[in-house]
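The chain contents come next:
Number of protein chains: 2
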Amino acid sequence: MRTVEPLHLRLLRVLRDEGAMSRAELGDRLQMPRPRLLAELERLVSLGYVAEAGLAASRGGRRSTLVELSPSLRFAAVDLGASSIDVEVVNARLEPVAAYAEPADIRNGPKVTLQRVNELLHKARVDGAYERLHAVGIGVPGPVSFRDGVPVSPPIMPGWDRFPVRELLTREHGCPAVVDNDVNIMAIGERHGGVAHSVDDFLFVKIGTGIGCGIYLSGDVYRGTDGCAGDIGHIQVDSHGPMCSCGNVGCLEALFSGAALAREANTSARSGTSPALAERLAAKGVVTARDVAEGAVEGDVTCIQLIRDGGRRVGGVLAGLVSFTNPSMIVIGGGLAQLGHILLAEIRSVVYRRSLPLATGNLPVVLSELGPRAGVAGAAVLASDVAFGEAS
Amino acid sequence: MRTVEPLHLRLLRVLRDEGAMSRAELGDRLQMPRPRLLAELERLVSLGYVAEAGLAASRGGRRSTLVELSPSLRFAAVDLGASSIDVEVVNARLEPVAAYAEPADIRNGPKVTLQRVNELLHKARVDGAYERLHAVGIGVPGPVSFRDGVPVSPPIMPGWDRFPVRELLTREHGCPAVVDNDVNIMAIGERHGGVAHSVDDFLFVKIGTGIGCGIYLSGDVYRGTDGCAGDIGHIQVDSHGPMCSCGNVGCLEALFSGAALAREANTSARSGTSPALAERLAAKGVVTARDVAEGAVEGDVTCIQLIRDGGRRVGGVLAGLVSFTNPSMIVIGGGLAQLGHILLAEIRSVVYRRSLPLATGNLPVVLSELGPRAGVAGAAVLASDVAFGEAS
Numbered sequence: 039m040r041t042v043e044p045l046h047l048r049l050l051r052v053l054r055d056e057g058a059m060s061r062a063e064l065g066d067r068l069q070m071p072r073p074r075l076l077a078e079l080e081r082l083v084s085l086g087y088v089a090e091a092g093l094a095a096s097r098g099g100r101r102s103t104l105v106e107l108s109p110s111l112r113f114a115a116v117d118l119g120a121s122s123i124d125v126e127v128v129n130a131r132l133e134p135v136a137a138y139a140e141p142a143d144i145r146n147g148p149k150v151t152l153q154r155v156n157e158l159l160h161k162a163r164v165d166g167a168y169e170r171l172h173a174v175g176i177g178v179p180g181p182v183s184f185r186d187g188v189p190v191s192p193p194i195m196p197g198w199d200r201f202p203v204r205e206l207l208t209r210e211h212g213c214p215a216v217v218d219n220d221v222n223i224m225a226i227g228e229r230h231g232g233v234a235h236s237v238d239d240f241l242f243v244k245i246g247t248g249i250g251c252g253i254y255l256s257g258d259v260y261r262g263t264d265g266c267a268g269d270i271g272h273i274q275v276d277s278h279g280p281m282c283s284c285g286n287v288g289c290l291e292a293l294f295s296g297a298a299l300a301r302e303a304n305t306s307a308r309s310g311t312s313p314a315l316a317e318r319l320a321a322k323g324v325v326t327a328r329d330v331a332e333g334a335v336e337g338d339v340t341c342i343q344l345i346r347d348g349g350r351r352v353g354g355v356l357a358g359l360v361s362f363t364n365p366s367m368i369v370i371g372g373g374l375a376q377l378g379h380i381l382l383a384e385i386r387s388v389v390y391r392r393s394l395p396l397a398t399g400n401l402p403v404v405l406s407e408l409g410p411r412a413g414v415a416g417a418a419v420l421a422s423d424v425a426f427g428e429a430s
Numbered sequence: 039m040r041t042v043e044p045l046h047l048r049l050l051r052v053l054r055d056e057g058a059m060s061r062a063e064l065g066d067r068l069q070m071p072r073p074r075l076l077a078e079l080e081r082l083v084s085l086g087y088v089a090e091a092g093l094a095a096s097r098g099g100r101r102s103t104l105v106e107l108s109p110s111l112r113f114a115a116v117d118l119g120a121s122s123i124d125v126e127v128v129n130a131r132l133e134p135v136a137a138y139a140e141p142a143d144i145r146n147g148p149k150v151t152l153q154r155v156n157e158l159l160h161k162a163r164v165d166g167a168y169e170r171l172h173a174v175g176i177g178v179p180g181p182v183s184f185r186d187g188v189p190v191s192p193p194i195m196p197g198w199d200r201f202p203v204r205e206l207l208t209r210e211h212g213c214p215a216v217v218d219n220d221v222n223i224m225a226i227g228e229r230h231g232g233v234a235h236s237v238d239d240f241l242f243v244k245i246g247t248g249i250g251c252g253i254y255l256s257g258d259v260y261r262g263t264d265g266c267a268g269d270i271g272h273i274q275v276d277s278h279g280p281m282c283s284c285g286n287v288g289c290l291e292a293l294f295s296g297a298a299l300a301r302e303a304n305t306s307a308r309s310g311t312s313p314a315l316a317e318r319l320a321a322k323g324v325v326t327a328r329d330v331a332e333g334a335v336e337g338d339v340t341c342i343q344l345i346r347d348g349g350r351r352v353g354g355v356l357a358g359l360v361s362f363t364n365p366s367m368i369v370i371g372g373g374l375a376q377l378g379h380i381l382l383a384e385i386r387s388v389v390y391r392r393s394l395p396l397a398t399g400n401l402p403v404v405l406s407e408l409g410p411r412a413g414v415a416g417a418a419v420l421a422s423d424v425a426f427g428e429a430s
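Residue numbers (my numbering), protein chains in the order written: chain A, 39 to 430; chain D, 39 to 430.
In short, the hints are calculated from the structure, not lab data.
Treat the hints loosely; a few may be bogus.
Stated by the list, open to error - Counterexamples of contact, computed for chain A against chain D with all Cβ distances above 12 Å:
| hint | residue |
| --- | --- |
| 1 | A137 |
| 2 | D165 |
| 3 | L396 |
Unchecked claim - Some but not every residue of chain D turned toward chain A, in silico, with C-beta under 10 Å:
| hint | residue |
| --- | --- |
| 4 | A62 |
| 5 | D66 |
| 6 | C284 |
| 7 | V355 |
| 8 | T363 |
Here the structure is a predicted model, which means the values were calculated and not measured.
Where a beta carbon is used, it is the ideal one built from N, C-alpha and C, also for glycine.
Go ahead and model the full structure; you've got the sequences and the hints to work with.
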């Protein structure tokens, strides 16, 4: 059974997403009687969430005063990847006031990794980015129990299973924290400030070290019964395909992902079928997915073919998911989105050919707009939502 | 953004699903202050939805009077299959008071088919099943715009595209009507009174003439952007497989469905590989999926293998959908569910082996409890919901 969104949450979100406005505008936006709005605003001002923001531009008559979210509100947004930490501190409008990005190995475990997150956040405070944090949002590369704030049996995160991530961050920073899957926060970011803005039903497909899918249905992230919905990297696409790290054969991400592409690129470089990759291998000793992208831009036939083969695999899985969920949009993000329009063209071609015409009649398949920032952007949205939720 | 369920809808549903109860019990169930409840009940009595139902059993002290849904409420529930019409008239508790089932070809078009539906309903009135209908719910074997109450580009329903089914039924019976996809109504039926009772996230897989999937997410049917979510029959499972009626090759339902199974059964009967099927072919001139089921029960190796092959195909697709949606339950229904435990065992085996362990740790894969009645049962639920919605 559905529950209604509380008034204070709607009010704070409007100010976050649309900025300062007059009480009259706010009443119109929320379709709320003025006395109730004024009482609620007064309460939120006294709690420190909302502040006066000067006078509106004159339109004749008495000029009205604007209200806005308190300029001192600060949220921390953290995106943990398999091999990276991205941290931002953002203001009430979710604009970054401090940002750090560095390589890190998630396999170092939760203590080392979260200690580094905390160090970066303390550095931000020393640098003047905030006095206190009002919430922390964090995404991790594995399944999460959203309710409990802990990773659950994450395959590539040894030592993280049921580690109390939310509790540790809450204790360290004295504010609420929220933990989600890395692909979900990317989808949330893209819906808040990217290409999927205000789209209620879409799939965000992350193609990076692994492959995963964020699912927006009826305007909400769908996380599944155990928090692992969207785990499409292990859908079998070739029963005679290579062994996957999960123990099965022919999984999508065993055939196409950052790791799989690097492996095939090295093979092509060594066998000499790709001059562009052979050249890069000779120069660097190893080639990666990025080299394939660069080779394709130069017109190297093998590089283009590798990307097309991958696009065909991803497209095949997405065609099934389009028939299944009938979404309004598909967004492609993650590191391999850098493979750009060749990848996109192949995915589109397969999806449009193989899904029900009714479902693809008006289905954009597009690249992420926020790119590598999608994750922290979504973590910031989650953090602000959880902070606003406390203002009840 | 979510909307709250109106009070009158919650109240009427509780009386529908739990039967007569005292005002005090009702107040407890709905967690509602007594004055508001009494006012709402009075309103619903005056509208003819609710009636007094005598005295509760004595528990000492003054005996309280019970309220129940009006005994004269009647809903029509219609399930149109590719080759069948099922019609029921049900009372306020959704118990059938009249039922008709007959073969019919959906390709005869909407006018002929709906005229027959109307004839059956008028017959029910003449037979005393109702004085007037309060709503009609109908399921059709194709995609539906739930909002508009019309089929949309249904592949196996020539002449039905955008035909105003809801409007015609509303006009004919002078009450609201609601149109949905046949698999969705089966899922709704199974959740209301079957094996998926009170399960919020599950997949209902219908394996019959074709294959489709009803999707319950967070307690609601998910219909997708264009009303065609769940169309899993055309997911490709073998790029070298047979041509499908949709024009693509190797679709799930081209490999396993009532039609595909009958085709393979006839081949096996003719080639002599299956004694059980050869015998039936000699006796009847043709064999169907039902003969395969009977042959399997007798231990015919070919029949068992045909069912296992089909289960493997379905299981492969479901494994991907389990990874994608992480549901709490999978229900198998439709005509081929009669293939029973051999089919179920094979589907389970593939799903448990191929999906993420976290998603299958506690995932029942079970047969429909309502069987052929699932569709009308769900249509009745939809009809009552739409009637209750009018009581605002």
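For which of the previously enumerated hints does the structure constitute a violation, in increasing order of number?
Structure breaks hints 3, 4, 5.
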